[in-house]
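Chemist: Sequence:
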Amino acid sequence: MPNGSPGGSDERTLPRLALPAMYTLVRVRPGDHERFRWTGHIYDISETGMRFELDAPVEPGTDVVVRAMLPGVNSITVTACGRIVRLHDEEGDCGPTRMGLAFTSFASDIDAANLRKYLIDHMTQFERVAA
245 MPNGSPGGSD
255 ERTLPRLALP
265 AMYTLVRVRP
275 GDHERFRWTG
285 HIYDISETGM
295 RFELDAPVEP
305 GTDVVVRAML
315 PGVNSITVTA
325 CGRIVRLHDE
335 EGDCGPTRMG
345 LAFTSFASDI
355 DAANLRKYLI
365 DHMTQFERVA
375 A
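My numbering numbers the first residue of the sequence shown as 245 and each following residue consecutively.
Because the hints were derived from the structure by calculation, they are not lab data.
From the three backbone atoms N, C-alpha and C, an ideal C-beta is built for every residue, glycine too.
Each pair of labels, with its calculated beta carbon distance range:
no., residue 1, residue 2, range
1, Ala346, Glu278, 21 to 27 Å
2, Gly339, Ala262, 17 to 23 Å
3, Glu303, Thr368, 35 to 41 Å
4, Asp333, Ile364, 27 to 33 Å
5, Ala300, Ile354, 28 to 34 Å
Full structure from sequences and hints, please.
Modeler: As structure tokens, then:
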């Protein structure tokens, strides 16, 4: 299975917010399915994408829909479409697989605005991830 984006480049441009994975939840479904098939945890998120884990890898290049439940006093749920851009674990590793997702659109302008506000409000509470 390919492990990363073409040429191995890292295209992140915005700061990512590290999240306490045990308090996050992401539901994932293939873009052409109605029901969410997988459940996992989010490691970090930005306005352009996120890193999360699922029990089984999803092939890079796959379009998916995610519903991200983010922790905190003012917890929020964001629904977005995106594309799996990389796998962070080595093939054959036991346990969940970490994946990188680039957002392609949000379910609504409200989802995008809520994520932006959440990131601004929490950048000091949680840790920023170095690019």
